[in-house]
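All chains, please: the whole structure from these sequences, using the hints.
There are 2 protein chains.
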Amino acid sequence: MFHDFKLVDDRPVVIQVKEYLKRLMIKGALQADQKLPSTREMSGLLKVSRNTVIAAYEGLADDGFAYAIPGKGSYVAAIVDQSATDSGGTEGPASWQVDWKAKMNEYAVAAVELDMMKQGIRAQKGTISFTSIAPDEHLFDLGDVKRAFMDRMAIEGQVLLNYGYAKGYKPLMEYLMRYMENKGVDISGKDMLITSGFTEGFDMVLSALRPSGRRGAAICENPTHHTAIKNLKLHGFEITGIPLERDGIDVERLEAVLKANRFDLAYLIPSYHNPTGIVMSPAKRSAVMNVMSRYQVPVIEDGFNEELRYSGAHVSPLIATVGKGNGVIYIGSFSKVLFPGLRVGWVLGDRALIDTLESIKRARTIHTSTIDQAILYQYLLNGNFDKYVKKARTEYKRKYELTKACCEAHLPEAQLSGDGGLHLFLAFPPGVNTRQLLAACTEQGVIFTPGDKFFIAEGEGVHTLRLGFSRVTDENIERGIRIIGEQTRKFLQG
Amino acid sequence: MFHDFKLVDDRPVVIQVKEYLKRLMIKGALQADQKLPSTREMSGLLKVSRNTVIAAYEGLADDGFAYAIPGKGSYVAAIVDQSATDSGGTEGPASWQVDWKAKMNEYAVAAVELDMMKQGIRAQKGTISFTSIAPDEHLFDLGDVKRAFMDRMAIEGQVLLNYGYAKGYKPLMEYLMRYMENKGVDISGKDMLITSGFTEGFDMVLSALRPSGRRGAAICENPTHHTAIKNLKLHGFEITGIPLERDGIDVERLEAVLKANRFDLAYLIPSYHNPTGIVMSPAKRSAVMNVMSRYQVPVIEDGFNEELRYSGAHVSPLIATVGKGNGVIYIGSFSKVLFPGLRVGWVLGDRALIDTLESIKRARTIHTSTIDQAILYQYLLNGNFDKYVKKARTEYKRKYELTKACCEAHLPEAQLSGDGGLHLFLAFPPGVNTRQLLAACTEQGVIFTPGDKFFIAEGEGVHTLRLGFSRVTDENIERGIRIIGEQTRKFLQG
Chain A
1 MFHDFKLVDD RPVVIQVKEY LKRLMIKGAL QADQKLPSTR EMSGLLKVSR
51 NTVIAAYEGL ADDGFAYAIP GKGSYVAAIV DQSATDSGGT EGPASWQVDW
101 KAKMNEYAVA AVELDMMKQG IRAQKGTISF TSIAPDEHLF DLGDVKRAFM
151 DRMAIEGQVL LNYGYAKGYK PLMEYLMRYM ENKGVDISGK DMLITSGFTE
201 GFDMVLSALR PSGRRGAAIC ENPTHHTAIK NLKLHGFEIT GIPLERDGID
251 VERLEAVLKA NRFDLAYLIP SYHNPTGIVM SPAKRSAVMN VMSRYQVPVI
301 EDGFNEELRY SGAHVSPLIA TVGKGNGVIY IGSFSKVLFP GLRVGWVLGD
351 RALIDTLESI KRARTIHTST IDQAILYQYL LNGNFDKYVK KARTEYKRKY
401 ELTKACCEAH LPEAQLSGDG GLHLFLAFPP GVNTRQLLAA CTEQGVIFTP
451 GDKFFIAEGE GVHTLRLGFS RVTDENIERG IRIIGEQTRK FLQG
Chain B
1 MFHDFKLVDD RPVVIQVKEY LKRLMIKGAL QADQKLPSTR EMSGLLKVSR
51 NTVIAAYEGL ADDGFAYAIP GKGSYVAAIV DQSATDSGGT EGPASWQVDW
101 KAKMNEYAVA AVELDMMKQG IRAQKGTISF TSIAPDEHLF DLGDVKRAFM
151 DRMAIEGQVL LNYGYAKGYK PLMEYLMRYM ENKGVDISGK DMLITSGFTE
201 GFDMVLSALR PSGRRGAAIC ENPTHHTAIK NLKLHGFEIT GIPLERDGID
251 VERLEAVLKA NRFDLAYLIP SYHNPTGIVM SPAKRSAVMN VMSRYQVPVI
301 EDGFNEELRY SGAHVSPLIA TVGKGNGVIY IGSFSKVLFP GLRVGWVLGD
351 RALIDTLESI KRARTIHTST IDQAILYQYL LNGNFDKYVK KARTEYKRKY
401 ELTKACCEAH LPEAQLSGDG GLHLFLAFPP GVNTRQLLAA CTEQGVIFTP
451 GDKFFIAEGE GVHTLRLGFS RVTDENIERG IRIIGEQTRK FLQG
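Just so you know, the protein sequences line up as chains A and B, in that order.
Just so we're aligned: the first sequence equals residues 1 to 494 in the UniProt record's numbering.
Just so we're aligned: the second sequence equals residues 1 to 494 in the UniProt record's numbering.
Check before you lean on any hint, since a few could be wrong.
Since copy identity is lost for identical chains, a pair holds within one copy or between any two.
As the list claims (entries may be wrong) - SDA-like mimics (lysine to any residue), calculated; alpha carbons at most 25 Å apart, straight line: (1) K233 - N105; (2) K183 - A78; (3) K387 - M150; (4) K324 - Y295; (5) K391 - D10; (6) K284 - G143.
Simulated from the structure, these hints should not be mistaken for lab results.
This is the structure in structure tokens:
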């Protein structure tokens, strides 16, 4: 015994010894009331210092795995592990198999079916992947993030590590309220809830709303963010898609649809729309909000990537256009601009609504990580955000222009859209099926996101694709798009 | 103009100037195409350096709030803020008021109604509060937490800040799998999902299960964790409570109930049960699992405070007693032992179940904060957890014994329970109503948690209370319990 002990580099030796011995006891290799080798002996057997063994034996006693008899030595405690109780038998808990799949409800089954990550293309090593629209981690200013953490820990580390409030970390909320005011939002009568990113905010709003009909009815731009489609479906909403024009949603179609049917909400992405990259024009923002208020259909505004404006004047979010009106729920997040790993978003809306969402938040996760909120707050406060966004904008703008130029050169067949952000959207002539194109490109070591998954109805958008460029090198942008171009030509000829 | 600019200490001056000017533009005090004062002039007006103004003007241009004409100066951009569009009017988006309360569904309304934080007693300054069972933040070893963060950031900071996996941060999952194996769990056929604390794990499991009847039916210990009662109710479960004996749930009553009705699940807290503090005995653990497997009712095991064992031998969790059986879902968290602010918990259970929960997790929050997971992982790896738990156990055990002694001295009428953890549970003779007792004690500056809220049915447990001692000083424990004693006597005499 004790010959299979192996030390690893990166953990305290005492703990490794303790866990090794625990494992032997759990497995039954060391039995209750068996005397452990003396500390001197064990030190020789495991080739660790005697002090280490002494500390490990003490630790085992603390954890209830051993006991010491003064003057005699350490013994294995009668640890209670019932797993042996019915081993060998064919009845009892150990042979009890629950068919969990059969116990899953509609919601759970749908969550799996609609989970695109599980059906995603696995990129082989060396593949040029245009599938991600996450930020380029090489831009991350780790030094500033570390400083933000250390600064905040120095100010109130104990507060950060104990329970926080369901609504959010107060300094961050105050900061973001002012931030939204600076975007022109009238915050009177409104309140804010901090969430674990945009997704949680959206999911919570949907789970709180009572549909006016048997099922909920929602309006979206078509195409739209696939997570939004998924979550609307998961919450039982029927979705009506409205096509996009160069400057945003088609307002005439929107009004026609509103006239004909009753809707519970609209979900809109006015800036750097995902996947098309379109920015809704100021005039259209006014027109949309006039129509929505006339038909009394609340709007969930996705503030997605609003900060990644490359050029042009500041455009106010939809929620700024309604003044004291409470018909817009704004959901913001810095994830795509800043650090997706920090799961922080915010819902800004009517005070009574936020009050309800606060209770739902508390029931579901108690509160959002205070460390994440505190790092974000201090990072913003330290002025790092402005500095970072300036750098990120410059870099992404450069890549955006490179990607655009490559598309124009190698994919003249495709119609481009995208005024900024981290991706471009391409529409090919109807003949090109981008799922088939993807299959051909994958063989050549290039992948992208087929556009159909952003469309509401099956069979729509089969000739479109999204190119995320944020994490692709310049060289690979050029090479990848050239390959897509070659495959497209083959496709059009074949 | 510009006379109301006030500098604060803790933010970069450039950003303060920029935001101040943005605000004037948003409010309309600075109008489109208006020339801004020269940088020299503005520097005098705001009493900041000229370089600061130059940088602020550049920042405004970057953000689309200003533009520069070379040789002439900086001008306010035609920022697009439609909030003025219909100001003054009585129609349109600005006067559009949605009645959000009326739009809330049953779930949302219930979440508010069952939200005890909103009905909580607000402690006045100086009040001795026994309501919290959160850890004492003075025990936190901030230095070790900072080191864990810095260590991990140095190893893979960029990975931590970009998107992670819905299932969890891999190093942490591997660590916790081994950790659970060391508790005697057979992990074959099982998998793990990292969640934002216990609460999220529990909520997700409940939202995935298809009830066998019209409503779900659950068994709980009675009393039990009030968040569990709340979430079971929110998910439409009918709850059957089983009373507790000195060594855990009453197995005879459990079996009688199982014989009479069909149940979808049982929720059990075998160690340091909340609120009674009872540890289920090893024999009872076997007995319970034999019964549950006989009746094929899956168990959700709450691993709550399992680490806060003060004395006695190591007791295996329920999931360790079923070997390869998959009838137990274990939900763990270090929140109460370690840092509640780090929102990290884990669900360990059947692989097919975890696979479904992974999709639900992705749909709801994408993934748990990677920073939280990484700090926890490195903290565990560095051996800080063992060190901290040793310190915490010693301190809490001391407080536990003090609290117990004070109760025995000042509250001889009450029957005590609690074998460890961060609280004691008291049952008074039926004459004492603890809500009324609380009202009397509040006037004397002492508050506690009335026990009725931990009971399944209304009107149960009205003579019980929970005393959380973790965050109360020794002196206040003594004083507070003496006051409760005095009020109890008055109550019994009156």
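Each hint tested on the structure:
In the homo-oligomer, the alpha carbons of K233 and N105 lie at most 25 Å apart both inside one protomer (15 Å) and across protomers (17 Å), since each shortest distance falls under that limit. With identical chains, the CA atoms of K183 and A78 are at most 25 Å apart between copies only, with a shortest distance of 14 Å across copies and 65 Å within one. Within a single copy, K387 and M150 get their C-alpha atoms as close as 19 Å, and across copies as close as 22 Å, so both meet the 25 Å cut-off. In this assembly of identical chains, K324 and Y295 lie within 25 Å of each other by CA distance solely inside one copy; the values are 18 Å within and 58 Å between copies.
Taking the closest pair of Cα atoms, K391 and D10 come within 25 Å of each other only across two copies (23 Å); inside a single copy the shortest separation is 36 Å, beyond that limit. When the C-alpha separation of K284 and G143 is checked against a cutoff of 25 Å, the pair qualifies neither within a copy, at 41 Å, nor between copies, at 53 Å.
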